[in-house]
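Those protein sequence lines, which keep their order, are chains F and C. Going by this note's numbering, the first residue of the first sequence is number 1, and it counts up by one from there. Going by this note's numbering, the first residue of the second sequence is number 1, and it counts up by one from there.
Simulated from the structure, these hints should not be mistaken for laboratory data. The beta-carbon is built from N, C-alpha and C at its ideal position, and this holds for glycine as well. Check the hints yourself; a few may be wrong.
What the hints assert, rightly or not - Examples of chain C residues lying across from chain F (beta carbon under 8 Å, computed): (1) Tyr97; (2) Ala304; (3) Leu307; (4) Thr372.
Claimed, not checked - Calculated Cβ distances over 12 Å to all of chain F for the following chain C residues: (5) Glu138; (6) Pro321; (7) Glu333.
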Amino acid sequence: MWEQVDRILRQATSRIVDQVADFLPGVVVSLVLLLAAVLFAVVVRVLLVRVLRGLEFDRRAEQWGLAGLASWSASSSPALALARATSWVIFFMGVLVSLTALNATIPSRLAMSVFEYVPHLLAALMILIGGGIMARLLARSALIGAVNMRIQSARLISLGVKWLVLLVAIAMALDHLGIGRSILPLAFGIVFGGVVLAAALAVGLGARGVVSRALEEQLGESSRVDDKVDHV
Amino acid sequence: MASIGSNSSIQEAEVPVAHADIVVAIAAYNDVRTVGAVARAVRDGLATFFGSHEARILLADAGSTDGTLEAARGAVGDTGLIELQYQRPAAMSGVLYHGHPGRTEALRAIVQAADRLNAKACALVDASLHSATPAWIERLIAPVLADGFDYVSPYYVRHAHEGLITKGIVYPVFRALYGVRLRQPAAQEFGCSARLVSHYLEQNFWDRDQASVGVDLWLAVAAATGGFRLCEAALGIRQPPSRETPADLSTTLAQIVGALFMDLEDRVDVWQRSRGSLPIPVVGAGPEIGPDAASLNLERLIEAFRLGYRELREIWTWVLPPRTIVDLKKLSEAPLERFQFDDRLWAGIIYDFAFGYNLRVMPTDHLLRSLTPLYTGWMASFVLQVRNATSSQVEERVEQVCLAFEAQKRYLISRWRWPERLR
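Chain F with its partners taken away, still in its complex shape (with noise of 0.2 Å):
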């Protein structure tokens, strides 16, 4: 009997031992994948800063409407903030990868769902920056033609045009990474019917005045003479 238990427990001990050397190199090869994401976020991280800077990325992210990006981290500097973040992004794919080593299957299936994800996530990035700018650029202009029509609610209105772009390309990212892709839409389009009704009414019943002497200013007889001035 006792070499019975002797011989069950060296079968045991033989599997567990194959079974940790199966699983060592994994882990072995796990921990490289991870020190060299770490190291390679690293690098990545110093060299980016050095070029950012060296294009003037600061200044040129303040005139893009790009600023924000340093609210979102400590530091002060857009080019740090975009720096560290690709740096985590290269260090969680380190981590995704690592675990894909491991050979287990849970660590496996979310590391490849995550990686199935990620065109998603970036095609969502790129339409939050897209709009970003493109909401910078419509209010910049909306300011700009308001304050040269002589409007004095221009502020109002740039500020209109920039929320607007900004719901539209939040609502597309979100579509895009599929969450609330029935809801979504539906509060969208209830939003923004509600803010037009609202200023259908507001121009038909406390406005009117106020559009009827606009338009009169810009299609009546009473034109700015200053327009019709030979400027040239």
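Put chain C on the given structure of chain F with help from the hints.
Chain C only, in chain F's frame:
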């Protein structure tokens, strides 16, 4: 009917003459109300003053649909008019301050035709200027034929509130940068010699993006910087053009100033070397006119400037230094009776915008349009100072503005050469 073939080249078989001493071109677009009078003025001017010369009248029509061609033919007669056929724009490409689509193509066709005809002198008049008289033709052509001038620029007597973009920006900048006191460099009329015609054909600005709005100014710049003999011809009072244009102040300002700044970028090596400015001869004398009859609402102009300061100050900080913003703040708080735009401040602002345009700190259209409230403020200040002045007193005031631009030129050169130092 004689015609100049497509691609602006003369088809020899169809042209009865291969040579003309004088060519006068009329640029037209839907000018049925005025083209007849302008064409008659050209015909009479040529007959009265240059009867012994071989002269031809060219018509560059941009595809009028209102009977302009027929009106011109009726005024001059079929045999006296050469209609230029050139590549016209398919459709109105945006709003143009002069309301003349395909103006670049028309001017190029005219210059090419003058070159092919070996014309000793060429003049251009716009069909919308109903104040044109036969004497204008004599004033634009005679200096070229008799006195050897290469470029004859019109000099009009205008009311204080007219031509303020020219008086406050184009002329002062042109004079300070290129050293020539040409008072109406963006005018749509001029006379030129055969030598200058050849020079024009060698220029590379014809196909540029902004050529449709900048070509008139660039032709003057090419003459001023090419070592040619320039003079001004006093043409008297210029009535505003009859051609309706939907361009508002902001669009007009952006187009004119954009063309000026674009040219400035191309000729850095020229204007950084020139110092001071020289007067040029004036042929004839214009009448003296009294104070303005029309009145601008100065209160509203100043209010527009104040609104601009409130809302666009943040955008202006991209190109204007802090001390300028402080000066503008003081100005925005000034009451009407003490509202005075300092000349040096104004010159500095225009140079800062030119520099900002060069750096492309933001889309150029945004930058140029954001200048409108500042221009409105300057316009209010200028009109406030000269509203009771005669035309010669207005000239003196413009002279002071120009001197400020000349004095501030060093500032522009410094910013251009060492942008970081003054940031």
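Each hint, compared with the structure:
{"no.": "1", "hint": "Tyr97", "in the structure": "holds, 7 Å"}
{"no.": "2", "hint": "Ala304", "in the structure": "holds, 5 Å"}
{"no.": "3", "hint": "Leu307", "in the structure": "holds, 6 Å"}
{"no.": "4", "hint": "Thr372", "in the structure": "holds, 5 Å"}
{"no.": "5", "hint": "Glu138", "in the structure": "holds, 25 Å"}
{"no.": "6", "hint": "Pro321", "in the structure": "holds, 16 Å"}
{"no.": "7", "hint": "Glu333", "in the structure": "holds, 18 Å"}
When the structure is compared with the earlier hints, no violation turns up for any of them.
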